[in-house]
Amino acid sequence: MTSKDIEGLLNEVEKPARYTGGEYNSVYKDKEQIDIRFAFAFPDVYEIAMSHLGLRILYYLLNMREDTWCERVFAPWTDMEDLMRENGIPLFALESRDPVAEFDFIGFTLQYEMSYSNIVNMLSLSGIPMQSSQRDKGHPFVIAGGPCAYNGEPLADIFDFFVLGEGEEVLTTILDTYLVWKSRGGSRREFLERAALIEGVYVPSLYNVEYRDDGTIESVRPISDRFPQRINKVIVRDLNTVFFPDKIIVPFMDIVHDRIILELFRGCVRGCRFCQAGMVYRPVREKNPGILAGQAEKLIKNTGYEEVSLSSLSTSDYSKLQPLVQGLIQAHGGKKVGLSLPSMRIDSFSLNLIKEIQKVRKTGLTFAPEAGTQRLRDVINKGVTEADLMIAAGDAFEAGYDNVKLYFMIGLPTETEEDIDGISDLAFKAVDKYFATDKRNRGRNLRVTVSTSCFVPKPFTPFQWQPQDSMQSFKDKQQRLKSKLRHRAINYNWHQPETSFLEAVFARGDRRLGKVLIRAWELGCRFDGWKEHFDYGKWSRAFEECGIDPDFYALRQRDYGEVLPWDHINVGVSREFLKGENERALTGETTPYCREGCINCGISELFDGGICNAGD
Amino acid sequence: MPVIRIEFQKEGSTKYISHLDLMRTIQRSVRRADIPVEYTKGFNPHSRISYGPALAVGVSSSGEYLDMEIKEQLDQDRLIERLNTSLPSGIRATAARYVPDGSSSLASVINAACYSIDGRAQPQNGHLKERLSEFFSLPHVFIEKTDKKGRKKQVDIIPMILDIEKILVQDGRVVLEVILETGSKGNLKPADLLGAIIKETGINLRDVTIHRKGLLVKRGERYFSPLEIFD
Numbered sequence: 001m002t003s004k005d006i007e008g009l010l011n012e013v014e015k016p017a018r019y020t021g022g023e024y025n026s027v028y029k030d031k032e033q034i035d036i037r038f039a040f041a042f043p044d045v046y047e048i049a050m051s052h053l054g055l056r057i058l059y060y061l062l063n064m065r066e067d068t069w070c071e072r073v074f075a076p077w078t079d080m081e082d083l084m085r086e087n088g089i090p091l092f093a094l095e096s097r098d099p100v101a102e103f104d105f106i107g108f109t110l111q112y113e114m115s116y117s118n119i120v121n122m123l124s125l126s127g128i129p130m131q132s133s134q135r136d137k138g139h140p141f142v143i144a145g146g147p148c149a150y151n152g153e154p155l156a157d158i159f160d161f162f163v164l165g166e167g168e169e170v171l172t173t174i175l176d177t178y179l180v181w182k183s184r185g186g187s188r189r190e191f192l193e194r195a196a197l198i199e200g201v202y203v204p205s206l207y208n209v210e211y212r213d214d215g216t217i218e219s220v221r222p223i224s225d226r227f228p229q230r231i232n233k234v235i236v237r238d239l240n241t242v243f244f245p246d247k248i249i250v251p252f253m254d255i256v257h258d259r260i261i262l263e264l265f266r267g268c269v270r271g272c273r274f275c276q277a278g279m280v281y282r283p284v285r286e287k288n289p290g291i292l293a294g295q296a297e298k299l300i301k302n303t304g305y306e307e308v309s310l311s312s313l314s315t316s317d318y319s320k321l322q323p324l325v326q327g328l329i330q331a332h333g334g335k336k337v338g339l340s341l342p343s344m345r346i347d348s349f350s351l352n353l354i355k356e357i358q359k360v361r362k363t364g365l366t367f368a369p370e371a372g373t374q375r376l377r378d379v380i381n382k383g384v385t386e387a388d389l390m391i392a393a394g395d396a397f398e399a400g401y402d403n404v405k406l407y408f409m410i411g412l413p414t415e416t417e418e419d420i421d422g423i424s425d426l427a428f429k430a431v432d433k434y435f436a437t438d439k440r441n442r443g444r445n446l447r448v449t450v451s452t453s454c455f456v457p458k459p460f461t462p463f464q465w466q467p468q469d470s471m472q473s474f475k476d477k478q479q480r481l482k483s484k485l486r487h488r489a490i491n492y493n494w495h496q497p498e499t500s501f502l503e504a505v506f507a508r509g510d511r512r513l514g515k516v517l518i519r520a521w522e523l524g525c526r527f528d529g530w531k532e533h534f535d536y537g538k539w540s541r542a543f544e545e546c547g548i549d550p551d552f553y554a555l556r557q558r559d560y561g562e563v564l565p566w567d568h569i570n571v572g573v574s575r576e577f578l579k580g581e582n583e584r585a586l587t588g589e590t591t592p593y594c595r596e597g598c599i600n601c602g603i604s605e606l607f608d609g610g611i612c613n614a615g616d
Numbered sequence: 001m002p003v004i005r006i007e008f009q010k011e012g013s014t015k016y017i018s019h020l021d022l023m024r025t026i027q028r029s030v031r032r033a034d035i036p037v038e039y040t041k042g043f044n045p046h047s048r049i050s051y052g053p054a055l056a057v058g059v060s061s062s063g064e065y066l067d068m069e070i071k072e073q074l075d076q077d078r079l080i081e082r083l084n085t086s087l088p089s090g091i092r093a094t095a096a097r098y099v100p101d102g103s104s105s106l107a108s109v110i111n112a113a114c115y116s117i118d119g120r121a122q123p124q125n126g127h128l129k130e131r132l133s134e135f136f137s138l139p140h141v142f143i144e145k146t147d148k149k150g151r152k153k154q155v156d157i158i159p160m161i162l163d164i165e166k167i168l169v170q171d172g173r174v175v176l177e178v179i180l181e182t183g184s185k186g187n188l189k190p191a192d193l194l195g196a197i198i199k200e201t202g203i204n205l206r207d208v209t210i211h212r213k214g215l216l217v218k219r220g221e222r223y224f225s226p227l228e229i230f231d
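Chains as they are written, first to last, in the numbering used here: chain A, 1 to 616; chain B, 1 to 231.
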């Protein structure tokens, strides 16, 4: 295969810029001078993949090494896939257009369970054997990181190993270990055994899972004492000194987040009980504003981007947000660089800040109360009250905003009809608030958009033992809301329960799901996160043919004594803490957020030495 | 404010990026080059850069043009040099001239474009050259076009073929060089011409590449570069 053959396909596909490479700041090296070829793989289309901050960081981090060339490979859209299969063109890296099967590593990032069928598809397109056990010395190591790697068990047969936690430091160690192994010419197994001793590396083939008659897990044990019983995640201790790129690839085509992303901090001081990110990314580590300002300056200069996004799990919790924002506006406002603040808790402080940034343009504001009643918000420990919300909405209307989005989850533990009705009550109260606002100040065209997603219990959260609500119940609740939310100013959006069900199965799945995944892919499943491609019928058939009951994973209440498929992974937050939080949830007891005092989640026992900044 | 007209190429893999993507790419390149471009007023400022007729995705070009309004007059060679260091590979500025006050926009002055169309004929023989020449001497060739409102209408493309520069046939390879009407008054896309050729002559062309040699200004019977004619 040559680059010329690929050119031939580009004339025939939708959005060929997804596959051309050659964007400004993309990295090209002489492959003869390279020891390690690394393909950073994202199992979704270009527009989504290129928006991912982890890719932006690790691409340049790996390319800083003179012995390594990191390239990108993403899921080809179905039109491109068909043409590649027809013409016998294997999955290729965007930069060199070489087949990824020739690489040393393919590193997938696992952001979302619904992208798993794309991983299988990408391996199939590359010609690399699907299962770790079938690969030999000529094949790349297929590895994975990202949030879903914390419970990668459904993918345990596919991946050679998982990297748990933040990749910046551990990847370097892995590559150094690889070079030593490669120069000695050892077996594949030898490398895996050596890698398993690196902190943060989990090699699933070196662990045996035993099951009980009732289908639950008896034990997960390493095959030898040489390997750790529990695998700890790794973190970067100091965000001020860790590598951050001073440039990023500037895509030709429009991508989902087409802007510079600054990372204000990692971790989260809030303790929302449904949120996996809030638990697994602990401890809280802030970057200081001076470092951030320097990074912004270089990135703006090297990319020509006109927008900088200040990103983190809860941006308004950054302790120096105001000075940072003012500094950035002062430095770059004159060059028409705009700022965006996603993930803001909307209160009067943040509203003032947003007003300052957006000056005149009134775009929409998003509020995420997550649940319809105070009782249920207490259950999930979302520290927002109705009064907070109404004050914020009132301020927003007063400031001229007329487009408000309200995000909720349905199917949360202990939810009743009253909580569902609470969602529509809140929407109508927002409408009333708008009409109570002085006509001269408020915008003209009120739009209240209510979105409900279906709650998916995730590993490493207090709700990891909870059953998911049934699909029928989700549909009934959506129906109830559809009939209640009838108003010309209100839009109601909802999620397909089937997608959330499948997400729940794989989120808390174990190794037995691997065969279902491959069967579903054989039946044609891919791009399951895309409505136009998701076909629940095929998944249903795959479960049936493999003799696996998906309800066992999604709908079952676990007891505290059960061995969970991810119990041998240590993210720092302790099982005892999660259990306590689940208990408090059921009695509606809230837990203060970390700024008010340490709640002993366990993270400081894994990482001692005052790493957690939450109390600062 | 001074306006500078820049001639540029769009080649290599950048031929696969759309006009909208090109505009975004140029805007960011201009920012990286720190060229003091003028911005539109309003809540969502954009750099004041305007373009000639859009190039179809998949078609490369060695003669594209843009007009850029800048805050201060800079040396044009220095400006091109600066811009070229910040353009992605495949896009390159090749020449520039300041536009005199009161000039017309690129969109209104450009009315033609020269294309080179290259492909392999299937089957490889059978009087290809004669059949192609015959096609170009037909009095009318109608193709169906859909207007903005979705209505279909028949359009005669022969008057929009302004000149035939070259018909080359060698070992089954066909190279056509044609000047086609381009712009707001009348526009013939090379892909539509190709479709009509295939339909009328029965010659099937494979592995086709289309290259725009340049956008042109037709005055009388003569053609000029948009760097030569401004009104």
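None of these hints come from the bench; they were simulated from the model. Small disclaimer: the values here were computed from a predicted structure and weren't measured. Hints may be right or wrong, so weigh each one.
[Stated by the list, open to error] Sample of chain A residues at the chain B side, in silico, Cβ under 8 Å:
| id | residue |
| --- | --- |
| 1 | 10 |
| 2 | 23 |
| 3 | 305 |
All residues carry an ideal CB built from backbone N, CA and C; glycine is no exception.
Results of checking the hints against the structure:
Annotation: residue 10/A was flagged as interfacial toward chain B, and the flag holds, the nearest CB pair being 5 Å apart, inside 8 Å. This hint holds: residue 23/A has a C-beta 6 Å from the nearest C-beta of chain B, less than the 8 Å allowed. At a threshold of 8 Å, the smallest CB-CB gap from residue 305/A to chain B is about 7 Å, leaving the interface hint in force.
Checked against the numbered hints above, the structure breaks none of them.
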